[in-house]
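> Given chain C, work out where chain F should sit, using these hints.
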Amino acid sequence: MATRFSRRAVALGIVGALALTSCSGGNSSNNSNNDGDSTSGGTLVVDTAFSLETGDPGRNYVPTGNTILRPIYETLLTFEGGDESEPVPGLATMEVNDEATEFTFTLDEGRTFSDGSVVDADDVMFSFERLMGMEASKANHLVVDIDIEKIDTQTVMISTDEPYLQLPAIVTNPALGILNSEVVIENGGTTDDTDAAEEFLNGTSVGSGPYQLDSFNLTTQVVLVPNPEYNGDQPAQYDRIVVRNVTEAATQLTNLRGGDSHLALDLSGDQVAQLEGDFDINAGPGAQQIFLFVNQSDEVSGDLANPKLAEAIRYALDYDALLELSGEGASQATGVIPPMFPGALDGGIEQDLDRAAAALEESGYDGSTLTLRFPNDQPIGGVDFTTLAERVQSQLAEADINIELAPAPFATEIDPYVNGTAEFAMWYWGPDFADSSSFLPFGPSETVGTRAGWPAEAAPEIADLVTQARNATDVDEREQAFAEFATALQEEGPFIPLIVPARSFASSGVDGVNYNSNWTIDLAELTPAQ
Amino acid sequence: MTTATKAARSRTRGSALPRYILQRLITSVLLLIGVTIVTFILTAIVPGDPIAAALGEGARENEATVAAYRERYGMDRPLPERYWIYLVSLVQGDLGTSIRTSRPVLEELAVALPATIEVAVASVILSLAVALVLGTIAAYRAGRLPDQVIRVLSLIGLSVPTFWLAIITYRFFFMELGWAPGSGRLSPTLNPPPQVTGLYLVDFAIDGDHVGFIDAAAHLALPVLVLSLFTVGLLTRFIRTSVLEVLSSDYIRAARAKGLPGRRIIGGYLLRGASLPILTMLGIAFGSLLSGTVLVEAIFAWPGLGTYAYNAAINLDLPAVMGVGLVVGVIYVGINLVVDLMYSVLDPRVRLR
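These protein sequence lines map, in sequence, to chains C and F.
For the first sequence, position 435 matches number 435 in UniProt numbering, and the numbering has no gaps at all.
For the second sequence, position 146 matches number 146 in UniProt numbering, and the numbering has no gaps at all.
Derived from the structure by calculation, the hints contain no laboratory data.
You may find that some hints are simply not true.
As the list claims (entries may be wrong) - Computed footprint of chain C on chain F; a stretch qualifies when at least three of its residues, placed anywhere within it, have a C-beta under 8 Å from a C-beta of chain C:
(1) 49 to 58
(2) 125 to 133
What the hints assert, rightly or not - Covered stretches of chain C (chain F as the covering partner; in silico rule of three or more C-beta atoms under 8 Å from a C-beta of chain F):
(3) 144 to 150
(4) 213 to 220
(5) 242 to 248
(6) 251 to 262
Backbone N, C-alpha and C define an ideal beta-carbon position, used for all residues, glycine too.
For reference, chain C alone in the conformation it holds in the complex (with noise of 0.2 Å):
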């Protein structure tokens, strides 16, 4: 009897858990069978790793961040789909005086956030002086060098000390993203270190872009949505974008393929390559590249610190061989500054092994086993560190130099090398803006070169070619002591450039998908395609 009541009352348990699910209907506004058809507006769904961490821009400096900022969050200056040789009008127009020290920005009139408030000079005081206010900040670095004033409501002059002609790039950084001040301030946003806005900024978007936020979620999506009071010249094309944290690109390349997501940004170039059928593939060289270095500091490398054991590694390596591992889009470093950005060289290092054993003579290598260490756990464009170290190792066997690998975590090998205490190590370097001056850190004392033990003394004319180059008051000149840095470099520099990995994107039915090392892709310019 009592078996009975028990199975009656579970039979009577689910029939009402189901009555309940299926007779309230689905409430959510949002919650509708919607197919995503991109064609009609409708759904972007975009598929990516991570790497958010915070919807303020002022507090952001991570590639997801930039992405989802980007089109809710407008800048003074802006980059035109993937060409960043020279920032283009965004909010407002700039004018710079002869000396480079003085940048006036003009803003259009009219322009609305999206509580349809007008923006002007006062919004781009907060904006600034709230990031320079935020020491804590990832992106506080990009303004410790500038000041800011108000000249009218419409108008605004960012000065410096020194010539500054970086200064365009740095504003395009979606952390130079203008925010609404009112509402911002009335939020808890100050221009000092007391700022507790970022909870707030969170769920709620206060720019002036073609989109805002609908939700935000660090681990899971972000979904933007049209907003209704834009007033620019590059109106919302879909409806809802959703981008989505996926982080294992066969997981995104399997969505693509199965229909359930439009644009996946992270795959590999073997992954692009095993593509077929109706879908785009916008694969190039990147932004970051791939190096080794030889330390130049005696206390490290001892009787083998000169220039001559690095170029004698920089000819004895087949790069061809490397690209191999690279796959589709990936080009050869051809010196410290990527090919996209004004400056880098045209052509690489061919290996030559006569001039490799020359070198390696004169650097008084006696066949000892050099310790090359890496991140192992953060491949670049789908280039994995430890494939591409083992091809350095056999291939530096076969010119005599012997290497041993000492992988680690990035989390831990990043010591050594910001320390300066690793003998031979691989990195990676990206840019901190889309500018060149972000390459000139390899210089004998800058960042890079210190980490290389290289001080300005063992190399006093390329320390001075980083001089030029930082100080140029003329675009062309400018660029031309950026090749030359650049060509010095390959000449005598204790570094050797291997790779630029490609960025890898897979769409289907999208328009408009062009990388960009700023915002890898500008999602307001997307479009259904035609």
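Same frame as chain C, but now just chain F:
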């Protein structure tokens, strides 16, 4: 047995249970303090600077930012002081702030943990149901064809790498056949339910949203299937062995001799008698599912505890690492406590002292 004896025994059991639970809770607290010490020391001795790992190149060169980060996360204080601050905060329910996201670790775990619990609970229920049937059949037909087939199947379940199975099943059922939905917990066109428990099925049911409920259930299916295969294999072999032992016991022979129907023998005597080792293994399997699903989570883009732990570890996000360590410790301690308590319920011979 007299009524007075029964009453006395009942009183003894009545007072033993709360005392036992209290003892176990005290032990558990001590154990968890031990967990915090071990995780704290481990995170402290890991070679690497968490602040250097957290900051990008430009920020790393900005002394003001580095100093602000060190101060905010207490990295400028001596180790014992940091541990003391951590413990005091812990008592107040504060697991610290993630270095990577600047958000409270507790808030982040409150999102990641339900995602994993949902898939783990469903996997355990499915695994137990399937394994009970297969294990019992195998034991009843020991040495014959059904037993051989089930043993081979369970061996396959134990041997197939779970991450590989996840990739294959996802490609086959989603991409090739179109029977399963895409990755994640929900289709991109849907909004998550208002958070009550964090378990999407429960929250959608509470919200009365049948579209969301069905979609969440469909997204749960493949991860559960993949995770269940190993657990089914494990439990089936255990259940088979346990049932075989009980089958040869006197009380089962007596029940058969009395002519009791087979279904009643299995439900009322056999499985109950075999339940203790099964329960132990079930507890272990549940704990493993809660804390060890990182690869499956990655393949199905399931934002659970495994993914959170992995991201915390590779980014040297020490507060998050310690938070995960503590949560996993609590899970195992809790499961062990429940299993031990159920022992006394399932087998009256097990007395609580």
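> Tell me if chain F covers the stretch 242 to 248 of chain C under the three-residue, 8 Å CB rule, please?
Per the Cβ count (6), the hint holds.
> Using a Cβ cutoff of 8 Å, are there at least 3 residues of the stretch 125 to 133 of chain F near chain C, or does the coverage claim fail?
It is violated: at least three residues are needed, and the stretch 125 to 133 of chain F offers just 0 whose Cβ sits closer than 8 Å to chain C.
> Do at least three Cβ atoms from the stretch 213 to 220 of chain C come closer than 8 Å to Cβ atoms of chain F?
n = 5 at 8 Å, threshold three: holds.
> Do three or more residues from the stretch 144 to 150 of chain C put their C-beta atoms closer than 8 Å to C-beta atoms of chain F?
violated (count 1)
> Has the stretch 251 to 262 of chain C got at least three residues whose CB is nearer than 8 Å to a CB belonging to chain F?
holds (count 7)
> With a C-beta cutoff of 8 Å, work out whether three or more residues of the stretch 49 to 58 of chain F approach chain C closely enough for the coverage to hold.
holds (count 8)
Hints 2 and 3 from the list above are not met by this structure, while the remaining hints are.
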